[in-house]
Structures are given as structure tokens and as C-alpha cells.
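Between the sequences and the hints, there should be enough to build the whole structure, so can you do that?
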Amino acid sequence: MVERLFIIGAGRHAAVVLDAVRAQGAYEMAGFIDDKLAAGTLVEGEAVLGPLADLGRLAQERGCCTAVVAIGANHMRRRVAETAASLVADLRWATVIHPSAVIARGVVIGAGSMIIASATLNIGTRIGRHCIVNTGSVLDHDTLFGDFASTGPGVTLGGNVSLGCGGYIGIGASVKHRVSIGEETVIGAHSLVLADCAPRSVYYGVPARRIRGRTPEDEYL
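Position one of the sequence shown corresponds to residue 115 (my numbering), numbered consecutively onward.
Bear in mind the hints are in silico, worked out from the structure with no lab data behind them. Glycine included, C-beta positions come from ideal geometry on N, C-alpha and C. Errors might be hidden in some of the hints.
What the hints assert, rightly or not - The calculated label-pair distances, taken between Cβ atoms and stated as ranges, are:
#: 1; residue 1: Ala199; residue 2: Val116; range: 19 to 25 Å
#: 2; residue 1: Ala167; residue 2: Gln138; range: 26 to 32 Å
#: 3; residue 1: Gly177; residue 2: Glu331; range: 34 to 40 Å
#: 4; residue 1: Ile325; residue 2: Gly220; range: 35 to 41 Å
#: 5; residue 1: Ile325; residue 2: Ala199; range: 33 to 39 Å
#: 6; residue 1: His304; residue 2: Ala137; range: 26 to 32 Å
#: 7; residue 1: Pro330; residue 2: Ala140; range: 26 to 32 Å
#: 8; residue 1: Asp149; residue 2: Glu175; range: 17 to 23 Å
#: 9; residue 1: Asp168; residue 2: Asp310; range: 39 to 45 Å
Stated by the list, open to error - With a straight-line Cα cutoff of 25 Å, these simulated SDA-like cross-link-like pairs (lysine to any residue) come out:
#: 10; residue 1: Lys290; residue 2: Ala303
#: 11; residue 1: Lys150; residue 2: Ser200
#: 12; residue 1: Lys290; residue 2: Arg243
#: 13; residue 1: Lys150; residue 2: Cys179
#: 14; residue 1: Lys150; residue 2: Leu335
#: 15; residue 1: Lys290; residue 2: Val221
#: 16; residue 1: Lys290; residue 2: Ser232
#: 17; residue 1: Lys290; residue 2: Cys279
#: 18; residue 1: Lys150; residue 2: Asp168
#: 19; residue 1: Lys290; residue 2: Arg219
#: 20; residue 1: Lys150; residue 2: Met190
#: 21; residue 1: Lys150; residue 2: Gly177
#: 22; residue 1: Lys290; residue 2: Asp310
#: 23; residue 1: Lys290; residue 2: Arg326
#: 24; residue 1: Lys290; residue 2: Gly327
#: 25; residue 1: Lys290; residue 2: Gly272
#: 26; residue 1: Lys290; residue 2: Thr234
#: 27; residue 1: Lys290; residue 2: Ile325
#: 28; residue 1: Lys290; residue 2: His304
#: 29; residue 1: Lys150; residue 2: Glu333
#: 30; residue 1: Lys150; residue 2: Arg206
#: 31; residue 1: Lys290; residue 2: Pro321
#: 32; residue 1: Lys150; residue 2: Ala199
#: 33; residue 1: Lys150; residue 2: Trp207
#: 34; residue 1: Lys150; residue 2: Gly170
#: 35; residue 1: Lys290; residue 2: Gly220
#: 36; residue 1: Lys290; residue 2: Ala312
#: 37; residue 1: Lys150; residue 2: Thr180
#: 38; residue 1: Lys150; residue 2: Arg176
Here it is, written out as C-alpha cells:
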């Protein structure tokens, strides 16, 4: 039986995730959950059902206990996931993988994570919970992502790269093999990372250098 799915968030990243859900064919859409758009608003042909506060009621009414948080900003995705789990005791997290993604045998992908079209995850890679590997990103062998980490589109990682919890690598950036990027650190778009990066920092440039510190709530998208 195909599980019914709530997509939490109804912005443009959520539309990308919806496309992956439709292509994957593992879930039937129940609808979007969103605090900004009015109930009944259509997003790519699927309805917004109500705000996050109504998730418990909607889950009961629609017999749906599976969800994915399709919000790009890592700290917001974490906060919303924690709130959703507190509202529905038996909530299950979907793992969304576009069928055009190349996933090596034995790769581990955590619950709630989203692997978008044309991404490549090579042998030995382990992705935490509620992560995003965005369009066309290449993660070579033995890459490790902590929970709530993400990439922009077109990122290239060498082998044995680690990205800490809540970390983000911006569009088109490249990371040399055997580099560790600390938790909550942001790598700017099109940067070239050749050395380890401290946690809770912003790095960018060619080669990437530390620009400043940051908190998890600092905007970066």
C-alpha cells in the first residue's frame, strides 16, 4: 500500500521536492502544510491543507502519519521537524529520492532526507536525518553528512569529506578530498575548499577562507 505524504512547507524548494515525490512513486500526496499560504491554495496542482498547528488534526482526518519537511534553511527545517514530531506522536519521516539520482550500493540515507534530481552519492556515503542533497550535486566515496546538513545545486565533494550537523555548502562549491567542515558552517557559492573549516563559521573564496562566525539562525539563503 502506498503511504500518504504531507509535505511541510510550500515554497519553491517544496515544489522541487514534490516533483521528486511524483517521480519516485513511493508516496501519494495528502497535501502541503504551510503557515504562510491559505488553506486551499494550490502549489503545482496540490492543495495547502492548513498550518503546522493543525497537523495533528489533519493527520487524524486523512489517515496520514508520514511527512517530509521541505524547507531549505537548515535551522528552520530542524525547528519545524521538532514541532511536527511533538504534534503527531507516531509521525514517520519519508526519505525522498528522485529516480534520476545515482545512489551506490550500501549508501545510508537518514529519515526525512531529500535527494534531488541527478545527484550522485558514491560508495560508503552516509547521510544523516533531514538532509538535502540538491540538484546535480556529487558526493564521492565515504562522504558523511550530519543531521540537517545540506548542499545547494551543483556541489562537488571529493572522497572522505564530512559536513557537520546543520552545515551548508553553497551552489557550485567544490571541496577537496579528506576535508572536514564543522557543524552549522556555511560555505559560500562557487568556493573552493582545500582545508578543514571550523564550526559555526562562514567561509568563501578561491581558496575558501574564514570570513566570520555565525549562529545557526543567521540567514544564508
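Outcome of the hint check:
no., hint, in the structure
1, Ala199 with Val116: 19 to 25 Å, "holds, 23 Å"
2, Ala167 with Gln138: 26 to 32 Å, "holds, 28 Å"
3, Gly177 with Glu331: 34 to 40 Å, "holds, 35 Å"
4, Ile325 with Gly220: 35 to 41 Å, "holds, 37 Å"
5, Ile325 with Ala199: 33 to 39 Å, "holds, 34 Å"
6, His304 with Ala137: 26 to 32 Å, "holds, 28 Å"
7, Pro330 with Ala140: 26 to 32 Å, "holds, 31 Å"
8, Asp149 with Glu175: 17 to 23 Å, "holds, 19 Å"
9, Asp168 with Asp310: 39 to 45 Å, "holds, 44 Å"
10, Lys290 with Ala303, "holds, 15 Å"
11, Lys150 with Ser200, "holds, 20 Å"
12, Lys290 with Arg243, "holds, 24 Å"
13, Lys150 with Cys179, "holds, 22 Å"
14, Lys150 with Leu335, "holds, 18 Å"
15, Lys290 with Val221, "holds, 20 Å"
16, Lys290 with Ser232, "holds, 21 Å"
17, Lys290 with Cys279, "holds, 19 Å"
18, Lys150 with Asp168, "holds, 13 Å"
19, Lys290 with Arg219, "holds, 23 Å"
20, Lys150 with Met190, "holds, 14 Å"
21, Lys150 with Gly177, "holds, 24 Å"
22, Lys290 with Asp310, "holds, 10 Å"
23, Lys290 with Arg326, "holds, 21 Å"
24, Lys290 with Gly327, "holds, 22 Å"
25, Lys290 with Gly272, "holds, 5 Å"
26, Lys290 with Thr234, "holds, 16 Å"
27, Lys290 with Ile325, "holds, 19 Å"
28, Lys290 with His304, "holds, 13 Å"
29, Lys150 with Glu333, "holds, 18 Å"
30, Lys150 with Arg206, "holds, 24 Å"
31, Lys290 with Pro321, "holds, 11 Å"
32, Lys150 with Ala199, "holds, 20 Å"
33, Lys150 with Trp207, "holds, 22 Å"
34, Lys150 with Gly170, "holds, 18 Å"
35, Lys290 with Gly220, "holds, 23 Å"
36, Lys290 with Ala312, "holds, 15 Å"
37, Lys150 with Thr180, "holds, 21 Å"
38, Lys150 with Arg176, "holds, 21 Å"
Violated hints: none; the structure is consistent with every hint.
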